[in-house]
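**Student:** Here is what each chain is made of, one letter per residue.
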Amino acid sequence: MEGERRAPRARSCGLPAGGAPAPSPGVDAPLPGRSGPPALPRAEVLDLDEDEDDLEVFSKDASLMDMNSFSPMMPTSPLSMINQVKFEDEPDLKDLFITVDEPESHVTTIETFITYRIITKTSRGEFDSSEFEVRRRYQDFLWLKGKLEEAHPTLIIPPLPEKFIVKGMVEHFNDDFIETRRKALHKFLNRIADHPTLTFNEDFKVFLTAQAWELSSHKKQGPGLLSRMGQTVRAVAMSMRGVKSRPEEFMEMNNFIEIFSQKINLIDKISQRIYKEEREYSDEMKEYGPIHVLWSASEEDLVDTLKGVASCIDQCCKATEKRMSGLSEALLPVVHEYVLYSEMLMGVMKRRDQIQAELDSKVEALTYKKADTDLLTEEIGKLEDKVECANNALKADWERWKHNMQNDIKSAFTDMAEENIHYYEQCLATWESFLASQTDLHMEESSEDKPESH
Amino acid sequence: MEQAPPDAPRQLQPAPLEPLGLPDAGLQAAAGEEEEGAREEGPADGTMTENNFWLKKIEISVSEAEKRTGRNAMNMQETYTAYLIETRSVDHTDGQSVLTDSLWRRYSEFELLRNYLLVYYPHVVVPPLPEKRAEFVWHKLSADNMDPDFVERRRIGLENFLLRVASHPILCRDKIFYLFLTQEGNWKETVNETGFQLKADSRLKALNATFRVKNPDKRFTELKHYSDELQSVISHLLRVRARVADRLYGVYKVHGNYGRVFSEWSAIEKEMGDGLQSAGHHMDVYASSIDDILEDEEHYADQLKEYLFYAEALRAVCRKHELMQYDLEMAAQDLASKKQQCEELATGTVRTFSLKGMTTKLFGQETPEQREARIKVLEEQINEGEQQLKSKNLEGREFVKNAWADIERFKEQKNHDLKEALISYAVMQISMCKKGIQVWTNAKECFSKM
Chain A
1 MEGERRAPRA RSCGLPAGGA PAPSPGVDAP LPGRSGPPAL PRAEVLDLDE
51 DEDDLEVFSK DASLMDMNSF SPMMPTSPLS MINQVKFEDE PDLKDLFITV
101 DEPESHVTTI ETFITYRIIT KTSRGEFDSS EFEVRRRYQD FLWLKGKLEE
151 AHPTLIIPPL PEKFIVKGMV EHFNDDFIET RRKALHKFLN RIADHPTLTF
201 NEDFKVFLTA QAWELSSHKK QGPGLLSRMG QTVRAVAMSM RGVKSRPEEF
251 MEMNNFIEIF SQKINLIDKI SQRIYKEERE YSDEMKEYGP IHVLWSASEE
301 DLVDTLKGVA SCIDQCCKAT EKRMSGLSEA LLPVVHEYVL YSEMLMGVMK
351 RRDQIQAELD SKVEALTYKK ADTDLLTEEI GKLEDKVECA NNALKADWER
401 WKHNMQNDIK SAFTDMAEEN IHYYEQCLAT WESFLASQTD LHMEESSEDK
451 PESH
Chain B
455 MEQAPPDAPR QLQPAPLEPL GLPDAGLQAA AGEEEEGARE EGPADGTMTE
505 NNFWLKKIEI SVSEAEKRTG RNAMNMQETY TAYLIETRSV DHTDGQSVLT
555 DSLWRRYSEF ELLRNYLLVY YPHVVVPPLP EKRAEFVWHK LSADNMDPDF
605 VERRRIGLEN FLLRVASHPI LCRDKIFYLF LTQEGNWKET VNETGFQLKA
655 DSRLKALNAT FRVKNPDKRF TELKHYSDEL QSVISHLLRV RARVADRLYG
705 VYKVHGNYGR VFSEWSAIEK EMGDGLQSAG HHMDVYASSI DDILEDEEHY
755 ADQLKEYLFY AEALRAVCRK HELMQYDLEM AAQDLASKKQ QCEELATGTV
805 RTFSLKGMTT KLFGQETPEQ REARIKVLEE QINEGEQQLK SKNLEGREFV
855 KNAWADIERF KEQKNHDLKE ALISYAVMQI SMCKKGIQVW TNAKECFSKM
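Residue numbers (our numbering), protein chains in the order written: chain A, 1 to 454; chain B, 455 to 904.
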């Protein structure tokens with residue numbers, strides 16, 4: 001078996017000839033994804049081959065069916081069984097933990113790029129080890145996303161942070177930018193891990209576990225360039241035709257997506273603007289406090305009061321900084337992620353529409369008897385299944401996505417409100433204590449004062 | 455010591471009403487004439503309280519502002535604002551107030567009044583007027599003199615000015631001030647008849663004195679430095695405060711956008727819709743709350759501005775001292791040189807160069823009779839000079855004494871007022887924080903129900 005499998009592998013990805021097969025890959029191969037003698041990693045690759053080939057089969061027919069479908073035509077594999085059972089997210093049963101950290105800059109003669117360390121901890125059987133550590137660059141993430149979209153055209157794939165930020169950031173590798181991206185990448189992988197279907201995707205697993213060169217060789221597989229191009233051409237042609245009869249529920253969904261996209265974009269802009277205004281406010285406050293101290297130098301009798309005010313202002317300034325950082329931790333990334341999600345959703349709708357358009361065009365052809373009726377009927381049968389799978393997949397994932405979105409938005413805004421409450425409480429405490437100190441003094445003084453007017 | 459202004463030239467003006475320095479005098483006044491000596495809430499003055507105990511109190515208010523059009527001195531149409539000044543006398547026993555006078559004045563008349571007071575009471579730190587044009591404006595605030603908010607703040611500032619004058623132990627007794635409150639027509643003519651503009655020290659003279667004076671009282675020099683510092687630090691503070699206000703305005707107002715978007719978004723949401731909608735409402739409330747907050751802060755800024763302008767009033771007193779001191783020094787110098795001339799003539803030695811000496815050399819010596827005549831003239835001049843010097847010295851010392859008394863009074867007032875202003879600022883901040891907590895707590899509740 002392995003021999004057979006190995007041969008095609010050797011052909012297509014050019015493994016060094018003479019590579020001896022390792023002992024049979026299995027559960028006892030204690031291979032962390034760390035550096036080891038070349039022979040061992042190859043075994044891993046071999047191991048993945050099995051699944052990969054399964055996946056190959058599936059992915060060739062990916063246009064026909066989706067892993068997450070109930071269609072009887074779907075070949076049963078242990079993986080797909082698990083998928084069918086485990087439909088909802090079950091956080092208690094989380095068995096895949098991923099972290100993204102330690103950005104590092106790499107300089108070569110051609111380019112400079114950043115890699116991120118990805119640590120995966122898992123108890124799943126299909127992983128050879130319980131812990132993996134790999135380094136990936138943004139390109140690799142892009143590749144993964146592409147593969148997921150290919151494999152699951154009507155599932156809502158989590159968004160990736162943008163390649164470039166157009167406004168403001170001139171320097172690509174500015175620290176804030178890298179940190180923001182790191183967090184977003186972390187989110188991206190974890191969302192995939194939490195997704196009932198995507199978490200079992202093979203490319204995902206390779207991404208998390210393969211060494212750099214293994215990954216590059218793995219990447220080179222997949223439908224050939226020509227076939228990929230062909231798909232794209234067909235897709236474009238389909239989209240040109242428009243969708244004649246989008247089912248009601250998808251019309252609603254589309255409407256929602258359009259409006260949601262508008263609103264979330266606005267909210268993103270508003271939130272960024274608030275951050276900016278708060279920053280400027282904080283900057284002015286920094287100058288405001290010290291003036292009172294300066295003044296106290298020429299006013300003997302007002303020293304305490306003036307210094308007190310200065311100190312309150314400084315404390316409020318610090319509280320503002322804290323509020324800002326809360327905003328940038330809790331609210332901004334979430335809102336921005338949903339901006340990207342909204343773009344993603346539009347893509348998913350398009351892909352769904354394309355699949356339907358394909359069916360519609362065949363049906364039309366049949367009506368006008370343009371080609372061989374029998375062949376057409378068979379194709380139409382397959383396409384109808386395909387459309388049904390796609391629609392079901394999307395519907396299910398849509399509900400899940402909406403549910404998550406509500407939770408995320410709710411939580412982000414609640415946090416924002418909490419930050420603001422905390423900010424005002426801090427400032428209140430500061431000013432009240434100042435006032436208390438002044439009125440105490442005032443009462444001491446006025447007992448010696450002449451009687452006030454009244 | 456009589457509280458009437460000590461300067462001789464003042465006798466030329468219509469005499470102020472009898473100074474009411476003593477309680478008895480107060481009783482007399484209460485019995486017969488119109489009272490002055492207003493006391494009001496606001497800047498308290500201990501000595502006045504004692505005096506006023508026997509007098510009826512009067513209340514002054516600038517209660518309204520009205521836009522008017524008229525023709526100005528060059529017969530061109532102009533728009534200006536007129537302010538209604540109402541004077542009420544309050545019965546000490548039962549607190550009832552009766553409207554005694556009511557008239558309209560415009561800003562330029564207030565300026566006239568103040569300029570008059572500056573000339574006739576140079577030893578007094580004369581209360582300042584509110585600014586003529588809006589300064590330290592943050593972007594939303596209008597710099598337009600006709601803007602209703604500006605007019606309102608100015609109305610309050612003018613009222614404050616009148617109250618300060620009325621509660622000043624010296625200024626309150628001034629007749630022109632009294633007429634300002636009571637005689638609408640003809641008041642301008644009356645003021646101008648005092649000829650005060652002529653008596654004003656020329657700026658040039660004052661500047662000259664400031665540079666050349668040799669021995670001013672150190673306290674005044676320190677006071678000048680203090681007033682410079684006060685002006686500089688308050689200006690700086692007001693500038694930065696305006697910028698802070700601007701930024702704060704921005705933060706609050708941007709949140710208002712959430713309100714609109716949440717509302718639109720809630721239309722497509724089933725479960726989240728209500729929560730979004732009501733949260734949006736709270737964002738609107740938050741955004742609009744800043745207007746009142748900053749309005750209050752503007753009053754605080756006005757309180758600081760008053761003391762910014764007071765700095766100039768302090769400097770005016772210092773300038774007067776320098777002028778008097780310089781005058782004194784010049785008179786002393788002049789006297790000394792005359793004495794010397796006299797001595798030289800008497801003893802026949804010429805130590806100093808003089809034109810007379812030159813001409814004598816050129817045209818021949820003068821006769822003993824001529825010399826005697828000259829000595830006589832000089833001796834007379836010296837005598838006069840000595841008298842003048844004595845009286846100038848006396849005046850100078852009087853001035854310093856009176857000015858310093860008023861400056862001490864001013865210092866206490868300033869410390870009291872600034873402290874109160876700073877405390878009121880803290881109170882404003884506290885109120886703002888409480889509002890913030892309220893709104894965000896409500897918003898949080900809405901969010902958590904989404």
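Since the hints were derived computationally from the structure, they do not count as laboratory data. Positions of the beta carbon are idealized from the N, C-alpha and C atoms, including for glycine. There could be a bad hint or two in this list.
[Said to hold, decoys possible] Here are the simulated distance ranges between beta carbons:
1) A:367 with B:727: 39 to 49 Å
2) B:794 with A:304: 30 to 40 Å
3) B:549 with A:283: 44 to 54 Å
4) A:287 with B:587: 53 to 63 Å
[What the hints assert, rightly or not] What the simulated footprint calls covered on chain A by chain B, stretch by stretch (three residues with Cβ under 8 Å from a Cβ of chain B suffice, anywhere in the stretch; the number is not a length):
5) 177 to 183
6) 200 to 213
7) 382 to 393
**Student:** Confirm or reject each hint.
**Tutor:** Results of checking the hints against the structure:
Range check, residue 367 of chain A to residue 727 of chain B: about 43 Å between beta-carbon atoms, so the 39 to 49 Å window is met. With their beta carbons about 57 Å apart, residue 794 of chain B and residue 304 of chain A fall outside the hinted range of 30 to 40 Å. Between residue 549 of chain B and residue 283 of chain A the C-beta distance comes to about 52 Å, which sits within the given range of 44 to 54 Å. Range check, residue 287 of chain A to residue 587 of chain B: about 25 Å between beta-carbon atoms, so the 53 to 63 Å window is missed.
Coverage of a stretch by a chain is defined here by at least three residues with a beta carbon nearer than 8 Å to that chain's beta carbons; for the segment 177 to 183 of chain A and chain B the count is 0, and the condition is violated. For the segment 200 to 213 of chain A, the stated coverage by chain B is violated: 0 residues have a C-beta nearer than 8 Å to a C-beta of that chain, whereas at least 3 were required. Requiring three or more residues with a Cβ within less than 8 Å of a Cβ of chain B, the coverage given for the segment 382 to 393 of chain A is violated, as only 0 such residues are present.
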